[in-house]
Amino acid sequence: MGRAAILTDPQAAARSGADVAMLTDLSECIGCKACEVACKQWNQNQAETSAFLGSYQSHPGILDNTWTVIKFVEDINESRDMSVESWQFIKTNCMHCTEAGCVTACPVDALTYGRMGTVELDVDKCIGCGYCEKGCPFGAVAVQAQVFDTDKKAGKCTLCVDRITNGLPPACVQTCPTDCIKYGSRDELIRWGRERVAKLKARGFANATLYGENELGGLHQLYVLLDSPEKYGLPVNPQVSPVLKAVRQVVYPLGKFLLGATFFGLLINFFASRNLSEPKDTDAPKATVQS
Amino acid sequence: MAAATRAKTGNQVKNGKVRRFGRWSIVCHWLYAACFLTLLVTGFGLMYDWLDFLAGAGSRLVHRYAAIGLAIMPLLYLVGSGREALSHIREAFRWSKDDLRWLAVAVPYHFTGRPKPPAQGFLNAGQKLNYLVVITTFVVFVTTGLIMWFLRPQLTVADQGVFWWAVMLHSAAAWVAASMFLLHVYQAALHPFTRASLRGMIDGYVTLEYALFEHPKWAQQFVGQSGSKPANR
Amino acid sequence: MTTALWDVPRTDLVVFMGSNAAENHPISMKWFLRAKENGAKFIVLDPRFTRSASKADWYIPFRSGTDIVVLGGLIRYAIENNRIQRDYVVHYTNAPLLLDPKFEFHEGLFTGWDEDAKTYNRSTWTYQTNGSGQPLRDDTLQHPNCVYQHLRRLYSKYTPEMVSRVTGIPVETFLQLAEEVTATAAPDKSAVFAYAMGWTQHTKGVQNIRTAAILQLLLGNIGVPGGGIAALRGHANVQGATDLAVLWHDLPGYLGTPRSSHRTLDEFIERTTPKTGYWINKKKFMVSLLKAWWGDKATPENDFAYHYLPKGRADKHAYSHYDIFQDALDGVVKALVVFGQNPAVGSADATRVQQALAKLDWLVVVDIFQNDTSEFWKLPGVDPRSIQTEVFFLPAAGPLEKPGSFTNTHRLIQWKHRVIEPIGESKGDLWYANALALRLKRLYADSTKPQDEPIKYLHWDYGAGIDEEPDSELVLKEINGYEWATRRQLSSFGELKDDGSTAAGCWIYTGVYTEQGNIAASRNKNADDYLHHGWGFAWPSNRRVLYNRSSADPQGRPWAESKRLIWWDGQKWTGLDVPDMLPVPPDGYNPTYGVGGDNPFIMKEWGVGGLFGPLQEGPFPVHYEPIEAPVANLLYAQEKNPVARVFSRVGDVRQFPYVMTTYRLTEHLTSGIMTRWLPWLAEAFPEPFVELSPELAQQHGIRTGDWVRVATARGEARVKALVTRRLKPLVVDGRVIYQIGVPIHWSTRGIVTGEIANRLTPQFQDPNVQIQESKAFLATIEKLA
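For the protein sequence lines, the chains are A, B and C, in the order given. With the numbering used here, the residue at position 222 of the first sequence is 222, and numbering never jumps. With the numbering used here, the residue at position 161 of the second sequence is 161, and numbering never jumps. With the numbering used here, the residue at position 778 of the third sequence is 778, and numbering never jumps.
The reader is advised that the hints may include incorrect statements.
Taking lysine-lysine pairs in the PhoX-like style, the calculated list, with each CA pair at most 20 Å apart, reads [what the hints assert, rightly or not]:
id, chain 1, residue 1, chain 2, residue 2
1, A, LYS199, C, LYS36
2, C, LYS41, A, LYS199
3, C, LYS563, C, LYS36
4, A, LYS201, C, LYS36
Examples of chain A residues toward chain C, derived with CB under 8 Å [claimed, not checked]:
id, residue
5, ALA34
6, GLN41
7, THR49
8, GLY54
9, TRP87
To give a feel for the contact side, a few chain A residues facing chain B, derived at Cβ under 8 Å [what the hints assert, rightly or not]:
id, residue
10, GLY128
11, GLY139
12, PHE148
FYI, nobody ran anything at the bench for these hints, they're computed from the structure. Just so you know, even glycine gets a beta-carbon here, dropped at the ideal spot from N, CA and C.
Just chain A, with the same shape it has in the complex (with noise of 0.2 Å):
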């Protein structure tokens, strides 16, 4: 079982523009935040200090100017001697999901389903508005506006779109010291995220599991756990809002239906009723003058 980041050739891959991941093995992260730099670094994001969080952790979540960001996770044995179990890191970042709560909350299709199986931003498009933040099931992107920010955008991972389409492997995969960041083809991952998940079992790792093949139609960003999702803070069958897709395929159509019918009607009569004479006192009961 090979333990190199790169499961395939990036150049290959930038060739044959097929659908691209990125496996994080939790098993391996070392919660060093090398990741994290490297995508500042890359993405020349502002930094963002953030107060004191009480764990290992640099920010609440991912930011509109971080977009990787490992959480710290420390979990209690609470039946034995409530010591610690584990000290679990889990680096988040945009699932670039196949069935993507962003895309479908974008109101200007700032989000949109792009190259090689990525979730683009198109940020020039961006309006700040939000609703992105509020339609993923990860609290992957953010805008973070308060409320009278005019310059606010969202941010998220670009699954470094911009280096991937000219073969070169994303920041954080090219920066992991321990290789548990992996880049290639979803299929190549996948293929290698069963065999670790197997391989983890055996070793004791009952409920190992690789997450992200079919959540979501399937995610571009995989995972390797020791435990179940939960365990990590991710969504057990995470969905985009049915409230939201409702609003997206009921709501707006048949609001524009209303609007566009209302038009029409009046329309129809504004030319219908042009012989129509308006009201006279032959319409109306008797109207005297009293001087």
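Fit chains B and C to the known structure of chain A by using the hints.
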């Protein structure tokens, strides 16, 4: 009702015209309309791809300011012309069989002039409907708007549904209100039967002929009153 | 480290003790994880549940400062249960050698202790020898005076129960650990111990490591694939700095330093060189070094300019880091030049260091950022009006702005190129060194005083005038060494001569820059060679695993098929690495070196691994409590290391009841100067904190996020509380002991700031290397309003 209106607005008949709205009501109406139109346009920027150019941080800001305007306008209306406002609202909620019959024939009547609808009071059934839509959507706009605006940072991934319910109701209300708005504007400005009513929202007065034609049950009281005279058309 | 990280995946057991590689050596962690991937067990012993512990199969908390008890307990377990690799021990170590019958150990002290002089007379710390000077031996390991029996007796007190009482590790847990560790005594098994500052920063830091070395030798785990002791160095080029002796007690290549009592070169060699083993060549290395420094002025007639070398005073034992500041406080040291260091924050008992800086006449700081040392007068509690020190700040080039080499943790020298030109007026360290040396030479050019000759005649030619850019490759070429007359680059230290015909700046590096060019810059990828011999250059001789002869049995056959590394093929030593052996057949003997074909540790006397090995506090490691300890020494009447050096105020357990340790985080480097000025690293960990257990927090009403005052006998620091179950109270000798920890990275300057943790740490020092005891001392804690 007529007495109440008179008490508030003073001279009810002037140069052969009858008073429909007080000055303050008119001011509030147009400000509300302006806010509404602004909100509609800036909101529709998010809903119609061809209006994308209207969407943006600037228009979001405008939407917020207009929303404040829209939210406080009814309050100003109630404070500034309380009795008139209350009497209108009360009437909007008071529905008679004639109103229903009016609604039943409203469409063919406005296309062909036939069949003749039953006589209406100060508000015809269409206007009552407009009032109801405005009031209902106002409540929805403000409630869901507050959620989207102020509750948003507190909404976690787990309760994103709250946000989308708000969006759903807010946008549904927008289309209903927009449709009614379109109808309202058309009736007031273009339809031959009712376009004379526009004056009522400008200087407050309409011709007695129009009043007797559209609102006979209300206008009857002015017949023969000093200052009123029939139009010569 | 004795091994290469590339070799670590071949191990069967990884033990982290005193190492937190995941946080402090993240690149190295990959190889330990690969070992785990290959089926190795991974155990972490640490007072804190660290990011390394999160990746372990098994985490064992214990009391900081009791490593020797744990390791001594393992040694006892291995001996008592015969879980040693006997053939290895008999042939490859000094276990069978007989010690002077008068040598003994009693209640924490070895023979020869002089209570008045506070030092040892080491005359009995020797082997019994026969007429020809060879040590007597008993290969049955039964003789009461043999090293092995001494070991057995010494560690017989380190029973599992005693280990538990002292360290807080439950007996059951310890026995399981002992089973796991000693299982690697099997010839086809190996274990690697990884350590870093967690072992070194104690008043018995060197002995901590020695204990592990003894255990690994007993288990036959040194020099074998997947074995060894992985000394993970503090940062990118600490290994290089040590090799090139940016230290007080060594000349480049571990040649030691002459004292004033060594009047001639021969006297120095005679008194500091073993009579057997490869070190008998020391004079060749020494003469070549002197030749590199003084060139034509180093001749056989003038003892190769030996008299130019500064000599240590006979009355002063050490001139290390803290001695410099002590001397500054005492008015002896008047001026200081500081390159790339921030002692006002990074050194223990930082307040004392700051006070010492204030006594200087002048101070030069060369750094890439203004730091707390260059602006020490701005620190809180310092009154600038009372300071007369004149400070010069010189802007330094960063690592990417200059070419040069890094010698990494596994002795691998890798050349790096300049990536960008230095910003503004910044200059590389080499530029400053060159400018300083040439200016000094100019000042002394016309002097006729003999004491000025070392500078006047210094051989200094790096291709640049005073304000020009020196050629760093010329420096590496000189370090490598060349034939003096022809300037032919040498390819092996075997070519070095003691007649002045060769020059070499650091003999162990010979081979790094040969006639073939800069080998450190070689980047040949060869997937078939798991030790990557075409990549860079590992000293010595591009050898990746030290002592690798011991991977084969005395007859020269690999101990096990799965552990093949070096073997005798009938004609020569060969294998997967550069053999670490004299060209002697397994049954042969080289009388010049006193080393036989079955003696793999050729750098050691008689070519054997040193179970017995004299250091300042004795030839065997024994447990001493830290200078500040919450309990008495349960093993010996002699409570503390008798030769430890105590510069700072010692706190009392009644006033400071908790065991405290300091440490680093992945996100920052030492005093934070290189990281807290970089926004992307500053945000990665913005605030200092104290880690403490919920049990202790509850006693003080402290919650995560509260401001807390941590205090020791040295000073105090205000930090945020991070209450976590990753710290556990331990039961030590029936008492509950609480441990707390504070990282050391913050200071008053930078994008993110915080109070200086090193105001808390003590200048209590190991007597061998003078490192401070910043991993185990006493503190107290209180919640701030």
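Let me know if the C-beta of GLY128 (chain A) comes in closer than 8 Å to any C-beta of chain B, holds or violated. This interface hint holds because 5 Å falls under the 8 Å limit.
Holds or violated: is the Cβ of GLN41 (chain A) closer than 8 Å to a Cβ in chain C? With a closest approach of 6 Å, the GLN41 (chain A) hint holds.
Just to be careful, I want the Cα atoms of LYS563 (chain C) and LYS36 (chain C) compared with a cutoff of 20 Å; is the pair within it? With Cα atoms ~17 Å apart, LYS563 (chain C) and LYS36 (chain C) stay inside 20 Å; holds.
Are LYS41 (chain C) and LYS199 (chain A) close enough, with their CA atoms no more than 20 Å apart? holds, 15 Å
Closer than 8 Å between Cβ atoms is the bar; does GLY139 (chain A) clear it against chain B? Give me holds or violated. Since the shortest Cβ distance to chain B is 5 Å, the answer is holds.
Tell me if PHE148 (chain A) is really an interface residue toward chain B, meaning its C-beta lies closer than 8 Å to one of theirs. holds, 6 Å
Proposed interface contact between ALA34 (chain A) and chain C, which counts if any beta carbon pair is under 8 Å: holds, 7 Å
Are the Cα positions of LYS201 (chain A) and LYS36 (chain C) separated by 20 Å at most? Holds, at roughly 15 Å.
Agreement of LYS199 (chain A) and LYS36 (chain C) with the hint, judged by alpha carbon distance not exceeding 20 Å: Since the Cα atoms of LYS199 (chain A) and LYS36 (chain C) sit roughly 12 Å apart, the hinted pair holds (cutoff 20 Å).
With a cut-off of 8 Å on the beta carbons, see whether THR49 (chain A) makes it to chain C. holds, 5 Å
Does the nearest C-beta of chain C fall within a distance shorter than 8 Å of the C-beta of TRP87 (chain A)? Where the cut-off is 8 Å and the nearest Cβ of chain C is about 4 Å from TRP87 (chain A), the hint holds.
Restraint outcome when GLY54 (chain A) is required to lie within 8 Å of chain C by C-beta distance: Since chain C brings a Cβ to about 4 Å from GLY54 (chain A), closer than 8 Å, the hint holds.
Against the hints set out earlier in the document, no violation occurs for any number.
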